[in-house]
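There are 2 protein chains.
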Amino acid sequence: MSFPTVPPIPLRPGSRHAGSRIWTNDLVDHTGERVTLSGWLHHRRSLKSVCFLIMRDASGLAQIVVDDPATRAEVESLPHESVLTVAGEVVASAQAPGGIEMHWPTVEVLSRALDEPPIELFRPELAAQLPTLLDTAAVSMRHPRRAAIQRLSAAVVEGFRATLRAERFVEIATPKIIGTTPEGGANVFELDYFGKPAFLAQSPQLYKQVMVGVLERVFETAPAFRAEPHDTTRHLNQFTSLDAEMGFIDDHRTVMAMTTRAIAGMIEAASSLDLVRRHPESAIPEVPEAIPDIHFTEALEAISQATGEDVRGEPDLAPAHERWLGEWARREHGSEWLYVTGYPMAKRPFYTHPDPDGPAWSNSFDLLFRGLEIVTGGQRLHRYEDYIAALAERGIEPEGFAGYLLAFRHGMPPHGGFALGLERFVAQLAGIANVRETTLFPRDMQRLTP
Amino acid sequence: MSFPTVPPIPLRPGSRHAGSRIWTNDLVDHTGERVTLSGWLHHRRSLKSVCFLIMRDASGLAQIVVDDPATRAEVESLPHESVLTVAGEVVASAQAPGGIEMHWPTVEVLSRALDEPPIELFRPELAAQLPTLLDTAAVSMRHPRRAAIQRLSAAVVEGFRATLRAERFVEIATPKIIGTTPEGGANVFELDYFGKPAFLAQSPQLYKQVMVGVLERVFETAPAFRAEPHDTTRHLNQFTSLDAEMGFIDDHRTVMAMTTRAIAGMIEAASSLDLVRRHPESAIPEVPEAIPDIHFTEALEAISQATGEDVRGEPDLAPAHERWLGEWARREHGSEWLYVTGYPMAKRPFYTHPDPDGPAWSNSFDLLFRGLEIVTGGQRLHRYEDYIAALAERGIEPEGFAGYLLAFRHGMPPHGGFALGLERFVAQLAGIANVRETTLFPRDMQRLTP
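Taken in order, these protein sequences are the chains called X and A.
Here the first sequence stands for residues 1 to 450, numbered as in our numbering.
Here the second sequence stands for residues 1001 to 1450, numbered as in our numbering.
The hints are simulated quantities; they were obtained by calculation from the structure and are not laboratory data.
The structure presented is a predicted model; accordingly, all values stated were derived computationally and were not measured.
Certain hints may be false.
[Unchecked claim] Simulated coverage check for chain X against chain A, where a stretch passes if three residues somewhere in it have a Cβ under 8 Å from a Cβ of chain A:
#1 126–137
#2 158–170
#3 186–194
#4 208–219
#5 284–296
#6 406–416
[Stated by the list, open to error] Chain A is nowhere near these chain X residues, computed Cβ spacing over 10 Å in every case:
#7 33
#8 57
#9 65
#10 81
#11 95
#12 96
#13 272
#14 300
#15 304
#16 311
#17 323
#18 344
#19 355
#20 389
#21 395
[What the hints assert, rightly or not] Some chain X residues close to chain A (C-beta under 7 Å, calculated; not the full set):
#22 82
#23 148
#24 175
#25 176
#26 177
#27 197
#28 198
#29 240
#30 382
#31 445
Where is the CB? At the ideal position from N, CA and C, for every residue including glycine.
The following block holds chain X by itself, in its conformation from the complex (with noise of 0.2 Å):
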């Protein structure tokens, strides 16, 4: 990654040592100057002679050569993750990392940590379990490898956002507290609100579609909440739900257009940043301008073929079959990305809008990324009428949900939309196989802290 050269709000306005900080990745452009760094004692190696400080901030580390016998003792004397103010010159080194090095330092110790950290961050990997790792999520995290993770995270919402706001989308904020539960009561979780029972949004749903009646196109990247007691690599009871609704739309078809747009808005600001590439798949995959894609009952005739499992009458994809379906894209279009369409209505929630062709399927649509499925989308219900006979075919009372249904009784377009779970898409870009790793404090069934 890059950063500004001219730092507009100094790194460190008043150092007590001559001259501002610089990052350690701006050290090249400094090569026989006296800087000042500032960061985190990353790592130390005593040599007979010399000893060599690693000094970490957020751009990255630098090699500190520290010869002098008082500061050598005090840098010596200090905890790894110390944070240090250090004033050097920058000389060209062919030994050094990067070829450039700090000499003849002088250190300010501004804050001097109590212990050595729980794990070892100096390491190229960490060696620590996952347990280890975010139970020790306030240290872990400082690792390069974690912290890039983040910044992956950061850049991926905001090419998010950056795209949807070229194609005139406008941010919405909606309420995460809801009194009634559009997908029915089950895995939500529940609170006290004043002495009422409420719950907390498993997703923006019911209100995006009401916001496309007041800005035709909305999008919202905000917490999601579900209460599934499940304990996989894949779920996390809170989440980070990028979501877009838009209407005017012919159908489905129309909404995948856009989501491929998303998607590739997000892969771009991912490519241009450095990456954690842990895994050989996780180098970052072209967006072809048009994803191939397949109907579901083509899906389930195409596993059975090969498969010998007869899976033709199953209403929904399992894990490994989207797995197979992620193979085969890439061995028949040559693309990471397959969208699968036409989910049968009985699987689908009661705002689907249903195939005008075949009712018995609907107008909506996965996209599986490397063979997992990563966003959910379609065309929805938009008259009221509509409304009124999906909910009583589920036998949900409409009560709950008139604030949501004045909306479709006053004028709606056809309009539809799709949401994306941004820890699931990080972890397939990147390679990362417990979605757990690619969020800074995970929730799930056991875990409430840090």
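Given the coordinates of chain X, assemble chain A onto it according to the supplied hints.
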């Protein structure tokens, strides 16, 4: 506001009328052409020989002259808010609003409203009382002035993010379900988390501090939840908190400089929009390069001298005192903005950094905008032993904060940050008396729906 002229995804992909849809506010660029509009039946005026149809889309309003008897009969049969696609010729007309109108339309009804909306959206001002506006938000939000407030909110949030990104802040997403409440358990929503008690986060305070240890400069724009039993015009039980935190500061003055930058970026973003200007004071204010500031004790002294009411011993500023200071800043400094610094430690949370020159006061600040506190910020403690002492002094057990204290045990730089409530900021900016009007679907003690 302006839209790109070449929409990357057509506004309405497959209208059965010839030609792609354009926005109503682009009509003037198409004089003499036959074009297609889509939108809502905003208003209708029937004269003897002709009917004027006012159509509303996300960009504005357009006047359509209907004189064909069959088309006129159809249009006159439709309730307001029905959704239409209309194709016709664009004609310059001195009598038409904006000097342009559409003639000889053909009309397609995309979605017929069931009946007349509960409030008349075509009036320049919404006549309904606030509870009615909020109960019918799914429709009342469509009023151009209410929709404009949402565009303003969206612009201001992105102004905040863009400014901080340029200053090398990284966006983070922190848990909203937490196991320990940093503010001590008052005014917090409690929920059942798989059989364990948990709380909704009132702010990302502790997490954003921890992340300074990872990324140095971080921000978050996310919902925050306060169970305050306050029924005022300034409080919401869910609000959007714009949070930032930065390391390697001198003291709170570094944070104030960054706050001023962020505010200036938000104001600049707002200035690019057509605004709701319901009150003269809603004009977009300048943000000076350096906002004036006053110490808390000087502020109380000035208020006491001016009003004759002795407030010298007060631990905090009352709303009336904030208003007085707002007037004072405007009179004395020509500024709509004023920092109040050095609030007493006694009223500030445990992580607050004291003023080294007077430890009864803190290195903290509030920013008043037009006499209302909109930002709270300051320097935080950064040494582990200071946290242990601060918690002990307040009688708080450190165990609940173990995951947070770990960061301080292992090296944290001097740091600080600030938080801004979006809805309150937008209300002050647009001259809106009640913060509920700035948010889509407000949550207050009485209001859990829509």
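Results of checking the hints against the structure:
no. : hint    : result
1   : 126–137 : holds (count 3)
2   : 158–170 : holds (count 7)
3   : 186–194 : holds (count 6)
4   : 208–219 : holds (count 7)
5   : 284–296 : violated (count 0)
6   : 406–416 : holds (count 8)
7   : 33      : holds (20 Å)
8   : 57      : violated (7 Å)
9   : 65      : holds (22 Å)
10  : 81      : violated (4 Å)
11  : 95      : holds (28 Å)
12  : 96      : holds (23 Å)
13  : 272     : holds (12 Å)
14  : 300     : holds (29 Å)
15  : 304     : holds (34 Å)
16  : 311     : holds (33 Å)
17  : 323     : holds (28 Å)
18  : 344     : holds (25 Å)
19  : 355     : holds (16 Å)
20  : 389     : holds (14 Å)
21  : 395     : holds (21 Å)
22  : 82      : holds (5 Å)
23  : 148     : violated (10 Å)
24  : 175     : holds (5 Å)
25  : 176     : holds (5 Å)
26  : 177     : holds (6 Å)
27  : 197     : violated (9 Å)
28  : 198     : holds (6 Å)
29  : 240     : holds (5 Å)
30  : 382     : holds (6 Å)
31  : 445     : holds (5 Å)
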